[in-house]
Each structure stands twice: as structure tokens, then as C-alpha cells.
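One letter stands for each residue in the lines below.
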Amino acid sequence: MDIIFYIAAVIAFIATVGVVTRKNAIHALLYLVVSLLAVSVIFFVLGAPFVAALEVIVYAGAIMVLFVFAIMMLNLGKDGIAKESPFLNFGSWLIPAILCLVLLGELGYVFYFHQVGDHDLREIGPKEVSSSLFGGYVLAVELAGMLLMAGIVGAYHVGREKKREYHRYMQNLETNTEDYE
Amino acid sequence: MITLEELKWLSPQIIIAATAILVMLGIAVKRNHLFSSLLTLAGLIASFICLLNAEPGQHLASNIFIIDGFGNYLTGLIICASFVITLFAYPYMQVQKTIKEEFYVLLLLATLGADCMVISNHFITFVLSLEVLSVSLFGFIGYLKNEKFSIEAGIKYLIMAAVGSSFILFGFALIYMATGAMDLQALNKALNGGDLSPLVLTGLALSIVGFGFKMALVPFHLWTPDIYAGAPAPSSAFVATVSKGAAFAFLLRLFYSIGGLSHDSIWIAFAVIATASMFIGNWLALQQKNIKRMLAYSSISHLGYLMIGFLAFSIPGMRSAAFYLTIYFVSMLAAFGLIIYLSGRKGEPLMIEDYRGLFWTKPWLAAFFSVTMLSLAGVPFTAGFMGKFYLLASGMNSGGIFLLVVLVVSSTIGLFYYLRVVSVMLSRNSAEVPEHVGANSWVLKLLVGALFILLLWFGMYPSVFLQMLSGF
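Note that the protein sequences, when read in sequence, are chains A and B.
Just so we're aligned, residue 5 is where the first sequence starts under our numbering, counting upward by one.
Just so we're aligned, residue 8 is where the second sequence starts under our numbering, counting upward by one.
Hints in this document: simulated from the structure, not taken from any laboratory.
All figures in this text were calculated on a predicted structure; none of them were measured in a lab.
We put the beta carbon where it would ideally sit given N, CA and C, even for glycine.
Accuracy of the hints is not assured; some may be wrong.
[What the hints assert, rightly or not] Going by beta-carbon spacing under 8 Å, a handful of chain B positions derived as facing chain A:
1) M31
2) L116
3) L135
4) V139
5) S143
6) G149
7) T209
8) W230
Bound-form chain A, shown alone:
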């Protein structure tokens, strides 16, 4: 089991680096899908099959497909690559990367000294997940609902376009419902 975990972790790491360094948005997204799939394998190995399935269905499936469609519709293509290129020149990422490596080294040091006990992995199925979601954590689930509402209202407001221009005759019929904009 351990070897699967490490393989998946390395794949997730490489794929995530790919997401950051790719200049073409679609390529970056495909790397992100790979990264999410690798993470779901990690969840599976750690004894959380339900979360693993959700990760595949929700993230790698639904959200990423939406992303890919949105990016394709924006049709960024070569302009996007040309715009991205200057962000990734050697000089601009070298120093932050070195600083991050120092931090990573510190983190590795901490993990090295932290004694991890024997794994006593226990599989947690959908039943247990749902009983805790609708038991002790029901208030947190409600709060997550409010979070979605905040996201939707905010995105709706910012993404809202001008109403369509009607013919003058039609405008007169719709006087009261028209907004400023």
C-alpha cells in the first residue's frame, strides 16, 4: 500500500508543478485533472473511498470539465500564451523558488523529526461520512450552504451583463423592470 501512496504523491506533485509552469491554459488544466486524480488515489489508499469518489466525480469530473469548456469558449489560444510568457522568465521566479525551497527544507526537517505511529487505517464508508455530516456537523453543512449562496450572489452580480437593448416600442412596455446599467 505504501508504494502506491508514494507513486500517487509524486505524480500529484509533478502534475501540480506542471499546472503552474504551463503557458497554455488548457494544458495547465489537464495537468490539474491529473493532479486531482492522483490526490483521489491518495484518499483511496488512506481508507477514504467515499472522498476519493467525490474527488473524481466533483473535481476531476464536473468542475474541471466546466473549466475546460470555459477556457475553450474564451478562445485564448496564442494570445494567451504570448501574454503568459513574460510571467515565467528565469529572473522573476528564481528568488521566490529558492525561498520556497528553503521553507520546504524546513518543513521536511519537521516531518523527519515527527514520529509517525503505526498506520492503523480503517476504511470510512459513505454511511459514516453521511451520519457525521447530518449528525454533529449539520451546522457546518448549513454554513457551507450559506457559503455557496455568497459565491453565487457575488458571481451573479459581478458577471451580470447589460440587459439587451429593445426596440423603443418594446422599451416602453418594460419601463419599470429596467435597471440602470
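On the provided structure of chain A, position chain B as indicated by the hints.
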């Protein structure tokens, strides 16, 4: 399972959530600015009344929320601040060329996030409420989407909030890995009061980075001025007060309950952050010509002062921090209130120069503004002085003399830029004040007057408010 009693304890939060949904449904039926605004006010009042009837003592709701004196006090403070901002927002939004009603939905949701954050007892509720707050703030800051700066500020905040949250999440994950606990009581038990392992220390350090982002303490403060200057003034007021206050409340709860401050390295880290915030905030504020940017840097230094109460690591320290937070809320709301008062169809008076000669054209308003500035500076007989006095007293008891010296020195630096605003208002200039929303809004006039009285009341007779704090 959740019981009816627990729902009763959480009724202030539930009412705010319900009001947000009602306002949203109201918009779906018919758009009406006044109706949305009044409904928001009614919800906030109802929530506040529920809070006043709260049973005293400490309760745990499903182990993920804790209802106690400290939480109730801050919940009340946040509701009051949202109430004031709603009243400010009505005349301000009335002259904007955009749809207005969603503003109140976002305001209520952000208030809900802040209210849940101050009573969080569990990492999950904290992170969720933090996200509710940040996600609604992103729409809230970029609300005037026809204005380039507003939308730019919104996107900046979105990215910064995401970075901050990811630091907090990673930190919490490490703490969970080391202890296997996510609620504060279990965490306290697992850590056994002190002796933190390197993993827990790393986790706490990462979460300090996240908290620093949220509260705009100095190495993590770079986003603040752009967002204050770009956002519509009511949103800036909200970010300056409610958002920072709520993050501070959970920071205090977390570090007090696990006893983290008795650990030297954590104490020193916070002391360095506090010192840097006080000095750099005040020093950068000196160089600003834009009043909203100046207030942004001033708020950075104020959060630095607030950390002194936090670092005292005692009940008096907690009380003085809560008292200072109240005063900071009132002063900041008054300052942004006056910017809103003078803003009009053509935008807000952003530059300090725009206030030239205000004493000769609008003497009362200029007097209020001067008192607000003096209170932010901490001059005697205003609220700010009393707040700093109690911070100094609590800091003195716990022996952090160095920090107290920093507070006094940096306040003296701060005095200069606050007084510069006053002197600009005093200089002669015959130009008339352009058309502004405050001129024909009695609500704004009353509100500015009320905040003015509150500032003086805090400064001269604070015992009424201090009594409210004795409950925790």
C-alpha cells in the same frame, strides 16, 4: 444530534442567515432598494434583540460553536457595525449607477460569516465562516463593477484571501496531524498546556501567516491600501472593522485556549509582528495623500496596538483588547462615515486636499471629523485615548515594557498625519463643497452625530462599556 436548545443559542446567527435569504427572495420578486435596506435593518435588529436575551454562561453547540460572554460581546459589536454600515450604504448606493439590492445580501452574508467566526470552537466552523466572509467580501469590494479600481480591488482581495486561507488550512492540517484534534477543548487536552512539538509549532506558524493576511499585520499588509482605496466606502468600512475584528477574535480564542502564548517563540513572533505593524503602519501613513490609503495604513498600526492586549495573555488583556476593538470600530466607522457623507454622484473625496477649508464651509462636519482623527490618534478626552490607556495598563501588568514603549513612540509619529488632516481642513479656502449625499439625508446626519457622541462618551465616561466587558 442538534437540539432545539442549541438552535436557541444560535438564534442571532440563524436570524441573519434567514434575513439574507429573505432579502434575496425579495429581489427575485421585485427590486426595491428601500425595501431591501429596511429588511436588512430589521433582521439585524431582530438578531441583536435575540442576543440581548441570551442566557449567560458558556454553552457548546454540537461542540463546533461556543457561546460565551466574549463571543456574545463581539457578535453584538459586529451586528452593530453592520447596522451602521447598512445605514451608511443606503444614501451612498442611492446615487450609484448600478443595481443596488445585492449589496445587502452580501452584507448580511459577510456579517453571518463574521458572527459565526467569533463563536467558532472548531477548525471546520472557523474555516467555513472565514470563507463565507471572504467570498462575500469579494463581491462586496468589487461591487461597483463599472469602476475599474473597484473590480481590481475585488480580484486582489480574492487572490489574497485564497492565499491566506490556504496557509491557515495547511497549518490546521499539520496541527490535526500532530494532535488528532480539531476542537479547541480537545486540542487543549492533547497539547496538555504547553510543550508544543515542532509539527504543532509549524502548524501554528502557518496559521499565523493566514491570520496576518486577514488582519493585515505587517509583513502581510500589502493588499490593504489598494483595497481600501478601490472599494466603495461602505465596503472599505466593513473590511476595516468587521472582517479584521472577527479574525482577531478567533486568533485570541485559539491561542488563549491552547496556551500557545506561554511558548516563547510564539510570543516573540507576535511581538515582532506587532512592533512592525505599529511602526511601518504609522510611517507609511505619513506619506499618503489619499485619505482612504492613509486610513488603511492607520488601521494596520491600530491592529498592531491591539496585539498588545492579545500578547498580555490574561483576562484583563482580553478585556482591554475587546474594549480597544470597540473603540477602533467606532472611530473607523466615523471616519468612513464622513467620507460617505461627502461623496456624491461624481465619486468619493479621496484626496486629503479635497477637504481643504472644510472648517469654513461646513464647520460642524469638520469638527466631527477632527474629533474622529484625534480619537484615532489617541488624544485625551476622546475614545482612542481610553482604549490605549487600558491597553497600556494590561500590557504593564504582564511586563511587556518594550511593546509599550513602541506603542507610545509610534502613536506620537501617528499624531502627525492625523493632525495634518485637521490642519488642511482649517486652512482657508473659499471653494464650495460639491454636491454630496449627506446634504439631504437626515439618517446620515443623525448617524454621524451619534458616532460623534459615542466617541466623546467613550473618552470621558467609559465605565458603562467596561461593565459590559466584565462578563468574561
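Consistency of the hints with the structure:
The closest approach between the C-beta of M31(B) and any C-beta of chain A is roughly 7 Å, which is under the 8 Å cut-off, so the hint is satisfied. Against a cut-off of 8 Å between C-beta atoms, the interface hint on L116(B) holds, since the closest Cβ of chain A lies about 4 Å away. Interface hint status for L135(B): upheld, as the beta-carbon distance to the closest one in chain A is roughly 5 Å, under 8 Å. Residue-level restraint check for V139(B) holds (minimum Cβ-Cβ distance to chain A is 5 Å; threshold 8 Å).
The criterion of a C-beta within 8 Å of any C-beta in chain A is met by S143(B), whose closest approach is roughly 4 Å, and the hint holds. This hint holds: G149(B) has a C-beta 6 Å from the nearest C-beta of chain A, less than the 8 Å allowed. Against a cut-off of 8 Å between C-beta atoms, the interface hint on T209(B) holds, since the closest Cβ of chain A lies about 5 Å away. The restraint placing W230(B) at the interface with chain A is violated, with a minimum CB-CB distance near 17 Å, outside the 8 Å limit.
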